[in-house]
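Listed in order, the protein sequences are those of chains A and B.
Under numbering that gives the first Met the number 0, the first residue of the first sequence carries the number 0, and numbering increases by one thereafter.
Under numbering that gives the first Met the number 0, the first residue of the second sequence carries the number 0, and numbering increases by one thereafter.
Keep in mind that the hints are not guaranteed to be accurate.
Straight-line distance between alpha carbons at most 25 Å, and here's what the computed PhoX-like set of lysine-lysine pairs gives [said to hold, decoys possible]:
id, chain 1, residue 1, chain 2, residue 2
1, A, 254, B, 402
2, A, 534, B, 91
3, B, 491, B, 155
Which bits of chain A does chain B cover? Going by a derived footprint, with three or more residues having C-beta under 8 Å, they are [stated by the list, open to error]:
id, stretch
4, 252 to 265
5, 347 to 361
6, 508 to 515
In silico negatives: residues of chain B with every beta carbon more than 10 Å from chain A [what the hints assert, rightly or not]:
id, residue
7, 14
8, 67
9, 217
10, 536
Derived from the structure by calculation, the hints contain no laboratory data.
From a predicted model like this one, the values you see are computed outputs, not experimental measurements.
A virtual CB, placed ideally from N, CA and C, is assigned to each residue, including glycine.
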Amino acid sequence: MLWQLLCHWAVFIMLLKELSSLASPLSEPQVDKLKQLTSELNTVQLAWVSGYLAASANATVTPSVTEPGTEQTITILYGSQTGNGRGIAESFAEKAQAQGYATNLVSMSDYKARQLKQETIAIFVVSTHGEGEAPDDAMELHQFLASKRAPKLDSLQYSVLALGDSSYEFFCQTGKDFEERLSALGAQPLHELVECDVDYEASAEQWQQDVLQAVEPLIKASNATVVPISSASATNAQAFSKQKPLHAELLVSQKITGRDSDRDVRHVEIDLGESGLTYQAGDALGVWFENSAALVAEVIEKLGLSSSENVTVAKESYELAQALIEKKELTQIYPGLVEAWAELSENDVLRSLVADKEQTRQFVLENQLADLIEQYPPAKSITAQSLVDLLRPITPRLYSIASSQDEVDTEVHLTVALVEDTEKPTHRFGGASHYLANAEEGQAVKVYVEPNKHFRLPENPDTPVIMIGPGTGVAPFRAFLQQRAADGAAGKNWLFFGNPHFEQDFLYQTELQQFLKSGELTRLDVAFSRDQAEKVYVQHKLKQQGQAVWQWLESGAHLYVCGDAQRMAKDVHQALIEVIEEFGGLEHEQAVAYLESLRSSQRYQKDVY
Amino acid sequence: MSDQKLAVNEYLKTDSDYLRGTINEGLQTEVTGAFSEGDQQLIKFHGFYQQDDRDLRNERKAQKLEPLYSFMLRARVPGGVCTPEQWLGVDKIASELTSSNSIRLTTRQTFQYHGIPKRNLKTIIQGLDRQALDSIAACGDVNRNVMCNPNPVESKLHQQAYEWAKKLSDHLLPHTQAYAEIWLDKEKLVSTADEQPLEPVYGKTYLPRKFKMAVAVPPDNDVDVYTNDLGFVAVADGDELVGFNLTAGGGMGSTHGETDTFPRLADDFGFIRAEDTLKFAEAVMTVQRDWGNRVNRKRARLKYTIVDHGYDAFKAEVEKRVGKAFEAKREVIIGDRGDRYGWVKGIDNQWHLTLYIESGRVKDQPGKMLQTGLREIAKVHKGDFRMTSNQNMIVASVAEQDKAEIEGLARQHGLLGEVISQTRGHSIACVALPTCSLAMAEAERYFPDFISKVEALQDKHGFAEQAIVVRITGCPNGCARPFAAEIGLVGKAPGRYNLYLGASYEGTRLNKMYRENVQEAEILEVLDTLFAQYATERQKGETFGNFTVRTGVVGAVLDAAKDFHG
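Please take these sequences and the hints and turn them into a complete structure.
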């Protein structure tokens with residue numbers, strides 16, 4: 000018996016060496032503790048421990064079998080604009096399931112808010128966008144919690160992970176709101192609120208571990224039934240993900256603004272080849288990019304560093320140039336970096352700037368690392384490693400997909416505006432857009448599909464749709480039109496498009512003319528803001544056509560808005576309210592409610608950035 | 000005729016409701032910068048053409064953008080006379096509402112704008128209207144801008160000739176209100192089409208083809224009177240204009256490779272008294288209206304009507320309609336087609352300054368601020384401006400005491416001061432690439448360089464001072480009247496031209512093709528050889544065109560229908 004037990008242990012120890020949290024029901028810290036403990040024990044001690052553990056396991060398992068109904072499910076709710084929040088929620092669900100816990104992973108928009116009072120453990124992952132606003136899919140739950148209808152949540156234990164961008168004034172505001180409301184409604188925190196900045200990976204990972212530990216005593220593990228993971232992650236089991244992108248081939252990067260345009264917008268075609276990677280009209284494509292070699296050379300030279308110097312990034316060693324090209328964010332900076340740079344440069348202007356949050360926020364929007372170096376050269380030398388440590392890891396950019404797979408088969412098309420700053424002493428570019436604009440035919444591009452199920456064509460092909468997509472906001476509507484044409488959908492399609500100049504900036508003009516000619520596009524209203532003395536934007540066109548817009552809405556049309564979130568989407572929203580007021584004969588509040596009801600019934604969807 | 004299928008444009012005109020078509024709807028459509036195909040024909044009657052930048056066609060196709068459409072709008076300015084106030088208005092419009100930001104003086108004494116986006120058309124036409132200018136019938140199958148010699152020396156005679164040019168232009172304007180309704184937002188009049196004819200002269204289908212008129216004041220033939228469908232050569236008794244020698248049946252347009260199309264100079268029909276001018280003009284036009292070829296647009300000009308029906312039959316029909324016969328042609332001397340550059344004093348003691356404007360391009364360029372210069376002159380000038388048929392500008396009627404100021408402004412802006420060779424001063428080119436949709440080769444852009452090479456050859460052979468009329472066009476439609484040039488280049492393909500020789504210096508005889516589809520090197524080689532011969536063998540006072548005919552380099556074209564291709 001003892002011998003058997005020893006043999007058993009030998010195998011166990013061997014396995015333990017390779018043990019990781021992913022391969023066992025244990026968390027990483029637990030595995031580490033176990034490894035540490037077992038390394039100190041001799042064989043006899045180990046045998047004893049083994050027996051002890053087996054017995055105690057039996058002891059905990061048994062009662063739960065006899066008490067069905069006490070089973071606890073962890074409800075994991077996410078509200079996410081870019082997919083980061085959903086990614087964390089999915090990861091948490093996997094870890095919890097690996098522990099044998101029952102989980103219910105669900106988007107906040109698909110969750111019935113009133114069910115909250117039945118929950119005992121709920122985890123919230125929610126991002127903040129724009130000026131402290133909730134993402135679209137979290138909006139309803141967010142409002143519900145703040146409303147008088149919100150129930151007492153005495154039996155709920157929860158934790159909130161807030162995602163945000165500290166360059167914005169209302170950093171993680173939505174997460175803070177959730178925390179505040181849940182607590183006010185009587186729910187008990189499992190773990191304090193964690194606020195994550197753009198480089199969220201490490202702190203999100205830590206929070207997951209901490210929450211799982213906090214949950215552990217609450218759940219009778221044996222009781223847990225493993226539920227299949229949600230369909231969202233199932234489709235992503237497409238084998239490609241943000242972490243494991245597809246190396247696809249770039250086919251075309253064609254400028255589609257005229258030679259006299261102030262902007263450089265590219266039509267990019269990428270071949271997904273035999274990968275089997277699929278997407279739907281409305282989805283986004285994540286694109287990993289490399290920083291331009293010229294930019295990296297400039298940074299290295301201005302800081303007096305050597306490009307071949309070795310640095311460590313996430314425990315891997317790279318030459319400095321390679322680390323800056325592939326691993327680090329150079330074109331988007333964050334307030335923390337500016338603060339650090341204020342000290343590094345010992346520059347009083349920068350020091351007083353970082354004292355003002357609003358100014359810092361504006362500064363990071365308008366400047367890159369190279370601008371910092373150019374304007375505020377360091378007073379003391381900085382080492383390659385400390386430079387790398389200061390910078391955030393490079394993150395892929397999301398682009399609304401501009402094609403339908405029913406039309407383009409294994410291709411995926413994007414509409415990419417080259418981000419440029421020509422005012423700076425040195426011409427600056429956006430990282431990913433510059434990369435795509437300069438990509439050569441046949442070049443490999445690392446991509447993954449980021450589904451956006453909150454930006455979908457109506458299921459009923461007869462339903463009319465109104466699409467409002469100025470600028471590169473037209474991208475998903477090109478996909479929609481291709482999709483509706485491929486489906487032979489009978490529903491009417493109306494597109495509002497706008498840009499500065501008719502001759503130079505009419506994106507996909509000839510294609511849209513063709514859609515009009517074939518009848519697949521029923522109406523096309525365009526606003527070219529700078530072709531006449533007074534500026535005309537899509538919202539003006541919407542109001543001009545208010546009567547018809549109202550009629551379309553009354554006949555069940557779905558509304559879609561894509562493009563700039565800061566101004567356009569708000570102006571369009573306001574214009575819609577005014578149209579509803581004027582042509583629907585409604586009071587302001589009623590009009591607001593009308594639009595809100597469209598939103599909650601998924602008839603008013605936005606893809607704004 | 001009735002069961003023959005007419006040219007497409009005939010049906011368009013018939014169905015257009017007196018030139019309205021769907022132009023209004025086309026203006027509302029913001030999705031394209033173009034008009035529908037049918038409307039593209041009708042807008043010509045309103046004074047403008049649709050064009051696109053041909054240099055950018057392929058590039059824009061790849062950019063998923065439609066061709067860069069724009070419009071060329073030509074004003075109606077009889078005799079090319081306008082006031083300084085009008086010029087300032089014209090200049091302002093160019094700067095604010097066209098992408099070319101410039102004005103082009105045409106070979107028919109008017110100005111045109113290039114690069115007008117569709118959305119600005121209405122604003123431009125309304126702006127012209129405020130300056131008492133319009134573009135009615137500046138293009139289309141109607142009587143186009145009436146030319147008139149702007150001779151500033153014999154000012155009294157010029158004044159009378161000019162009055163006739165204006166009367167002819169106004170009298171033969173289309174009566175349709177389409178222009179006023181579409182562009183000037185005038186109320187549509189209740190249709191009375193059934194009771195009284197809306198277009199008493201033109202009728203519902205207007206003319207079979209364009210119709211060009213000119214008034215010449217001998218000895219000047221700057222208006223190239225014989226190249227016009229209908230010409231009026233002024234006959235004076237002292238200072239008094241008593242009547243005209245009427246010429247009819249001229250026209251340049253032809254099609255490469257189609258020998259039943261050809262350029263032609265007008266026939267002389269005899270003298271008419273001044274008071275009968277409008278009657279004769281109307282009669283010639285209505286005979287053309289009724290007899291002209293409406294089946295084949297390439298054979299629809301008056302010149303073919305006269306050739307096909309015969310000179311005598313045509314003359315008899317005109318006389319019948321007027322109720323009066325032509326008198327015997329009066330003797331006049333037809334002389335030079337060039338302009339008199341620099342200052343000339345008129346008999347009324349006023350001064351006139353003719354400025355050379357290369358290819359009529361009134362545009363600012365470093366060192367040559369022509370547009371600004373003319374604007375500054377217009378601000379102080381008390382007389383008027385006269386656009387010439389050689390695309391130049393005359394600052395007319397300057398008092399002695401204002402001369403210095405005007406000259407100073409002209410010199411300051413590069414409008415004066417450059418020495419222009421005789422040949423350059425007598426030569427012209429059409430617009431061609433990149434804007435004109437008909438062009439097969441460069442013309443205006445190639446012109447300065449080609450002329451320099453001709454000048455060099457003249458210099459080499461020692462007759463630099465001799466004027467040779469050189470004209471280049473991008474196609475055989477002949478906007479710059481190339482078939483009446485001593486050296487004519489007519490585009491065939493990029494860099495390739497047909498070379499024509501043998502026209503008379505005065506514009507009284509056509510030229511003839513000497514080399515087909517040749518490139519610059521061969522053209523210059525040919526000219527080098529001929530110039531060498533001309534330098535040694537020419538007779539006293541013999542022009543280059545006459546020399547090439549006398550020595551048999553090319554045969555004389557006396558009857559275009561037989562000789563031009565023969």
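Hints versus structure:
1. A:254 with B:402: violated, 54 Å
2. A:534 with B:91: It holds: about 22 Å lies between the C-alpha atoms, which stays within 25 Å.
3. B:491 with B:155: Status violated; Cα separation ~44 Å.
4. 252 to 265: holds (count 6)
5. 347 to 361: It is violated, with 0 qualifying residues against the three required.
6. 508 to 515: holds (count 6)
7. 14: holds, 22 Å
8. 67: Violated, since 6 Å does not exceed 10 Å.
9. 217: At roughly 48 Å from the nearest Cβ of chain A, residue 217 (chain B) sits farther out than 10 Å, so the non-interface label holds.
10. 536: holds, 53 Å
Of the numbered hints listed earlier, those contradicted by the structure are 1, 3, 5 and 8.
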